[in-house]
Amino acid sequence: DGGITQSPKYLFRKEGQNVTLSCEQNLNHDAMYWYRQDPGQGLRLIYYSQIVNDFQKGDIAEGYSVSREKKESFPLTVTSAQKNPTAFYLCASSTGRLRTMNTEAFFGQGTRLTVV
Amino acid sequence: DQQVKQNSPSLSVQEGRISILNCDYTNSMFDYFLWYKKYPAEGPTFLISISSIKDKNEDGRFTVFLNKSAKHLSLHIVPSQPGDSAVYFCAASAYGNKLVFGAGTILRVKS
Chain A
1 DGGITQSPKY LFRKEGQNVT LSCEQNLNHD AMYWYRQDPG QGLRLIYYSQ
51 IVNDFQKGDI AEGYSVSREK KESFPLTVTS AQKNPTAFYL CASSTGRLRT
101 MNTEAFFGQG TRLTVV
Chain B
1 DQQVKQNSPS LSVQEGRISI LNCDYTNSMF DYFLWYKKYP AEGPTFLISI
51 SSIKDKNEDG RFTVFLNKSA KHLSLHIVPS QPGDSAVYFC AASAYGNKLV
101 FGAGTILRVK S
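First to last, the sequence lines map onto chains A and B.
For the first sequence, the positions run 1 to 116 when the working numbering is used.
For the second sequence, the positions run 1 to 111 when the working numbering is used.
Quick caveat, the hints were computed from the structure, so don't treat them as lab data.
Be a bit skeptical, because a hint or two may be false.
[To be verified] Pairs of lysine-lysine residues, derived as DSBU-like cross-links and limited to a Cα-Cα distance of at most 30 Å, are as follows: (1) K71(B) with K5(B); (2) K57(A) with K68(B); (3) K57(A) with K5(B); (4) K57(A) with K110(B); (5) K5(B) with K83(A); (6) K83(A) with K98(B).
[Said to hold, decoys possible] Over the 10 Å line for every Cβ pair with chain B, so calculated as not near, a few chain A residues: (7) E24; (8) Q41; (9) I51; (10) I60; (11) G108.
[Unchecked claim] Now the stretches of chain A that chain B is said to cover, found in silico as 3 or more residues with beta-carbon under 8 Å: (12) 31 to 40; (13) 43 to 49.
Note that the structure is predicted; figures quoted are calculated from it, not measured.
For each residue, glycine too, the CB sits at the ideal point set by N, CA and C.
Based on the sequences and whatever the hints tell you, model everything.
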């Protein structure tokens, strides 16, 4: 089945540690995105990539890093520089440009990151 | 600066009645708008979208209306069902680039 997979579903990190969240898609989508959800704040864009080997910062990129070495994969690293990393992280992908009617971004099931 | 705003944090509706969820935006470059539905601890699922060249798009019980002059869009759900209870997010894109989301509205449909 085609889809977008995030792993792990739950992740615990000690303060000061880097951690990498996985996002894989087999939809042959060019674009991939990382969002963070905090209670009452909707989805805020961390990073996005429109094509392999290229990515742009979103609204809250500080303390995060990404890579896009393969079309299928867009891992997100939460570094120790991120001051408040506990949140629900969502990865999404879409086919090319979101302009044509009925194109959409597909989301993974999310990763809940907790700093302990 | 919040470019997409959903000013109602929650909405409660009786089963069978109409649910109207509202969204305002400030960026006049937005040309594509989407509505997503989300349950706790899950990823959002796509509901319906509309391009800025249209003012209405319908899909079954869901209709999205776009008023470009007011920079306002709304999602109508008729009739509302208990299974519609979820968080609804409005999102917008300019020239096919990144999706910007609103804060969401919690819809509760009472049976």
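Status of the hints after comparison with the structure:
no.	hint	in the structure
1	K71(B) with K5(B)	holds, 11 Å
2	K57(A) with K68(B)	holds, 28 Å
3	K57(A) with K5(B)	holds, 21 Å
4	K57(A) with K110(B)	violated, 41 Å
5	K5(B) with K83(A)	holds, 26 Å
6	K83(A) with K98(B)	holds, 24 Å
7	E24	holds, 14 Å
8	Q41	violated, 6 Å
9	I51	holds, 12 Å
10	I60	holds, 12 Å
11	G108	violated, 5 Å
12	31 to 40	holds (count 3)
13	43 to 49	holds (count 4)
Of the numbered hints given earlier, the model fails hints 4, 8, 11; all others are met.
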